[in-house]
Amino acid sequence: MDVLMLSRLQFAAATIFHFLFVPLTLGLSVLIAIMETQFVRTGDEEYRRMAKFWGKLFLINFSIGIVTGITLEFQFGTNWSRYSQYVGDIFGSLLAIEATLAFFLESTFIAVWAFGWKRLSAKAHAVTIWLVAFASSLSAVWILTANAWMQHPVGYTIRNGRAELTDFVAVITQKAALLEIFHTVAGAYVLSGFFVMGVSAYHLLRKQHVSFFTKSFRMALGFSLVFSVLTVIQGHMNGSHVAEVQPTKLAAIESHWETKSNAPFYLFIIPDEKNERNLVEFGGIPGALSMLAHDSPDAVVTGLKDFPKEERPPVTITFFAFRIMVGLGFLFVLLTAIGWWKRNKLLDSPWYLKTMLYAIPLPYLALELGWIVAEVGRQPWVVYGLMKTADAVSPIAASQVLVSLVAFVLVYSLLGAAAFYLLVKYARKGPPSNETDVLNQKVEGGLSHA
Amino acid sequence: MLETTWFVLWGVLWAVYFMLDGFDLGLGTLMPFLAKDDTERRIIYNAMGPFWDGNEVWLITAGGVTFAAFPKAYAVLFSSLYSALMLLLFALILRGVSFEFRGKVDNPRWRAVWDFCIVIGSFLPALLLGVTFANIFRGIPIDADGVYQGTLFTLLNPYGLLGGLLFLFLFLVHGSLWLTIKSEGALQQRAASLAGTLWIPLLLTAVAFLVATWFSTRLYDNYLKNPLLYVVPLSLIPLLAVGALLMVRVYIQKQHWWRAWFSSCVTIVATTLFGVVGLFPNLLPSSLNPAYNVTIYNAASSPLTLKIMLAVALTFVPIVIAYQAWVYYTFKDKVRVEDLAYEEAY
Numbered sequence: 001m002d003v004l005m006l007s008r009l010q011f012a013a014a015t016i017f018h019f020l021f022v023p024l025t026l027g028l029s030v031l032i033a034i035m036e037t038q039f040v041r042t043g044d045e046e047y048r049r050m051a052k053f054w055g056k057l058f059l060i061n062f063s064i065g066i067v068t069g070i071t072l073e074f075q076f077g078t079n080w081s082r083y084s085q086y087v088g089d090i091f092g093s094l095l096a097i098e099a100t101l102a103f104f105l106e107s108t109f110i111a112v113w114a115f116g117w118k119r120l121s122a123k124a125h126a127v128t129i130w131l132v133a134f135a136s137s138l139s140a141v142w143i144l145t146a147n148a149w150m151q152h153p154v155g156y157t158i159r160n161g162r163a164e165l166t167d168f169v170a171v172i173t174q175k176a177a178l179l180e181i182f183h184t185v186a187g188a189y190v191l192s193g194f195f196v197m198g199v200s201a202y203h204l205l206r207k208q209h210v211s212f213f214t215k216s217f218r219m220a221l222g223f224s225l226v227f228s229v230l231t232v233i234q235g236h237m238n239g240s241h242v243a244e245v246q247p248t249k250l251a252a253i254e255s256h257w258e259t260k261s262n263a264p265f266y267l268f269i270i271p272d273e274k275n276e277r278n279l280v281e282f283g284g285i286p287g288a289l290s291m292l293a294h295d296s297p298d299a300v301v302t303g304l305k306d307f308p309k310e311e312r313p314p315v316t317i318t319f320f321a322f323r324i325m326v327g328l329g330f331l332f333v334l335l336t337a338i339g340w341w342k343r344n345k346l347l348d349s350p351w352y353l354k355t356m357l358y359a360i361p362l363p364y365l366a367l368e369l370g371w372i373v374a375e376v377g378r379q380p381w382v383v384y385g386l387m388k389t390a391d392a393v394s395p396i397a398a399s400q401v402l403v404s405l406v407a408f409v410l411v412y413s414l415l416g417a418a419a420f421y422l423l424v425k426y427a428r429k430g431p432p433s434n435e436t437d438v439l440n441q442k443v444e445g446g447l448s449h450a
Numbered sequence: 001m002l003e004t005t006w007f008v009l010w011g012v013l014w015a016v017y018f019m020l021d022g023f024d025l026g027l028g029t030l031m032p033f034l035a036k037d038d039t040e041r042r043i044i045y046n047a048m049g050p051f052w053d054g055n056e057v058w059l060i061t062a063g064g065v066t067f068a069a070f071p072k073a074y075a076v077l078f079s080s081l082y083s084a085l086m087l088l089l090f091a092l093i094l095r096g097v098s099f100e101f102r103g104k105v106d107n108p109r110w111r112a113v114w115d116f117c118i119v120i121g122s123f124l125p126a127l128l129l130g131v132t133f134a135n136i137f138r139g140i141p142i143d144a145d146g147v148y149q150g151t152l153f154t155l156l157n158p159y160g161l162l163g164g165l166l167f168l169f170l171f172l173v174h175g176s177l178w179l180t181i182k183s184e185g186a187l188q189q190r191a192a193s194l195a196g197t198l199w200i201p202l203l204l205t206a207v208a209f210l211v212a213t214w215f216s217t218r219l220y221d222n223y224l225k226n227p228l229l230y231v232v233p234l235s236l237i238p239l240l241a242v243g244a245l246l247m248v249r250v251y252i253q254k255q256h257w258w259r260a261w262f263s264s265c266v267t268i269v270a271t272t273l274f275g276v277v278g279l280f281p282n283l284l285p286s287s288l289n290p291a292y293n294v295t296i297y298n299a300a301s302s303p304l305t306l307k308i309m310l311a312v313a314l315t316f317v318p319i320v321i322a323y324q325a326w327v328y329y330t331f332k333d334k335v336r337v338e339d340l341a342y343e344e345a346y
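These protein sequence lines are chains D and Z, in that order.
Residue numbers for the first sequence follow the working numbering, beginning at 1 and rising by one.
Residue numbers for the second sequence follow the working numbering, beginning at 1 and rising by one.
If you are wondering where the hints come from, they were derived from the structure by calculation, not from laboratory data.
Built from N, CA and C at the ideal position, the CB exists for glycine as well.
One thing to keep in mind: the hints can contain errors.
Unchecked claim - When the alpha-carbon atoms are kept at most 16 angstroms apart in a straight line, the in silico EDC-like pairs for lysine to aspartate or glutamate are as follows:
#1 D:K118 <-> Z:D339
#2 Z:K307 <-> D:D167
#3 D:K118 <-> Z:E344
#4 Z:K307 <-> D:D272
#5 D:K305 <-> D:D272
#6 D:K429 <-> Z:D106
#7 D:K52 <-> Z:E344
#8 D:K118 <-> Z:D333
#9 D:K118 <-> Z:E343
#10 D:K52 <-> Z:E343
#11 D:K118 <-> Z:E338
#12 Z:K332 <-> Z:E184
Claimed, not checked - Going by beta-carbon spacing under 7 angstroms, a handful of chain Z positions derived as facing chain D:
#13 D53
#14 I60
#15 K72
#16 L85
#17 E100
#18 T305
Put together the whole structure using the sequences plus the hints.
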């Protein structure tokens, strides 16, 4: 394999792994902040125990998210140096702003939150977790603005052999950025809600800590319900925007080969990329694709065949990733809607609790698939219409990248296994029955608590 | 002028990173020599506990600012030093998760694994950062297109290794002084005496480095060739580095630990800036041909980007410094054995 392929694999592995941990950081910080605020407002000790219990899981997850994020920032330089040099004027500044505005705030105050239970007043302590929640989402805003610029470059001109910034406001307020931010952050909030509901369901099924986990479940339920509905509605706007600015991606996500007006939407398709057609097309709704893409049943939707072969993204991957993501999105609305209906009789609905326990991985899958649609669907471009991925790679030896790729896979697998083990262990253990027990056992037993 | 301003900021960000994460990296490396049992190891972890993460963000910011202000320097430097940087990143990954993971399973083997990770994950970055910066001062073999013509081993030249040793000893002294501040009893005694012992090889390495810099780099040119107006204030930087290093010794003798640590901070910052000033206006000299040097002029971003970034940096970096200073103040007390009983302790 060449440097390009190895670097793409490495970046994909590093990003997919990193993004296993990011969404929970985004959403769980908000939920914990709400719990702690409830504690400050009502003085109900149970809310504080909730913040602590979920906080422990948050910290395990957070630590991996942090360390795997650093490698991503540095990989633009190590593996994509031509890209970095060409677009650093715009892209680099967005990353640097993220670090200065958001990442400092997040990393500094998470430590204050973790170590500050005894040192800060209850109110000040609640403020620190709100700062963490705010900073995480702010961090997402800048990173996604940078990614949106790769999807749809604006506010620049080509000068001195590179892309130079001409309009900063255009870069940070463009529709592609706002849509991407909303979609990703809302998706992350759905995932976090499902995580809390799933873990709570595990304990409710065993009838342990019932009040504690009912409260947690219901808080997460409302959160997920709101954001899963918003994600679906707003996802449609994303689709229309893609149709407008990235026609090749739209054609790929629908496996749409022939340009036509009144284009149908098929419920079921099996793409046949080699022969530029679909092997199976089933359940066509006339005009629906035109409607979805351009809000008019008569609109023309450009097919893949009207783009040069070398400018088409991989169709099969993009198509299935998109379909499964959308299907899961609707499933999340359904599951949370059922939850809302059952919210006062959770203990009497073991099948629902069991479903929610096993549903924990689904939002993870949906979010990763979303990134695959965004990134694979943008190929062969690294910056849509401006720079090809093949021109972006560093002039380095393939052997170096091969070694680092193997190291990434090994180290990340081990870390992933350790994190998974710890998350399951602490999620299963549940909260301590009361605070004094914890302290006593810590003093006697030394390390791990309770 | 914009480029020069950014060059100064670039140097300062790296210097602050070394100053802050330096004590974590030094302390992590020294853990097996300082801690005699698990309680002492935990005190060391918790002495870094509320700080290490915020410290590491200075590295992200220094890297990010290199990307934003000097994209070509970021591209050439990071791709040239590919293997060294990957090693650094993996080391920092292992170090970072060790804090969180170590205490989470009550099993000596599990803890030993993460203790090992934190030692390696602190030692390697300390060494590699020094090797890297010494090689930046010296110049690396990059051609006209900014393509690196060497290997990982090209970096391991005597001057590069001396730079690695210098950073290592700087961080080791810095870390043991921090532990002296944050601990008490036998552990504090050990940390204090280790700081004193390590100060001697630090002094020797620093002297050797300053001499070797004369022969291996062109850093002194800037101090000699500039008009007197600049030479005098600029020369204060290396003098400050040496002076602060001597003050570290004086304060160790007097057992003024905070002052010794602050002197160590000044030593690290002044040492970094000594190199950065000597480098100007280069960001990455080429050892093949000075015409291939990556300079602040051929690597800088557009004036618009530099201005926007300057506004961001001048507004938010002081805010960051303010809240991080507040965190240091809030957690300034010693870590005591009874503190380890709290649920949130590492």
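Here is how each hint holds up against the structure:
| no. | hint | in the structure |
| --- | --- | --- |
| 1 | D:K118 <-> Z:D339 | holds (10 angstroms) |
| 2 | Z:K307 <-> D:D167 | holds (13 angstroms) |
| 3 | D:K118 <-> Z:E344 | holds (10 angstroms) |
| 4 | Z:K307 <-> D:D272 | violated (51 angstroms) |
| 5 | D:K305 <-> D:D272 | holds (13 angstroms) |
| 6 | D:K429 <-> Z:D106 | holds (14 angstroms) |
| 7 | D:K52 <-> Z:E344 | holds (9 angstroms) |
| 8 | D:K118 <-> Z:D333 | holds (13 angstroms) |
| 9 | D:K118 <-> Z:E343 | holds (11 angstroms) |
| 10 | D:K52 <-> Z:E343 | holds (9 angstroms) |
| 11 | D:K118 <-> Z:E338 | holds (13 angstroms) |
| 12 | Z:K332 <-> Z:E184 | holds (13 angstroms) |
| 13 | D53 | holds (4 angstroms) |
| 14 | I60 | holds (5 angstroms) |
| 15 | K72 | holds (5 angstroms) |
| 16 | L85 | holds (6 angstroms) |
| 17 | E100 | holds (4 angstroms) |
| 18 | T305 | holds (5 angstroms) |
Violated hints amount to a single one, hint 4; each of the other numbered hints is respected by the structure.
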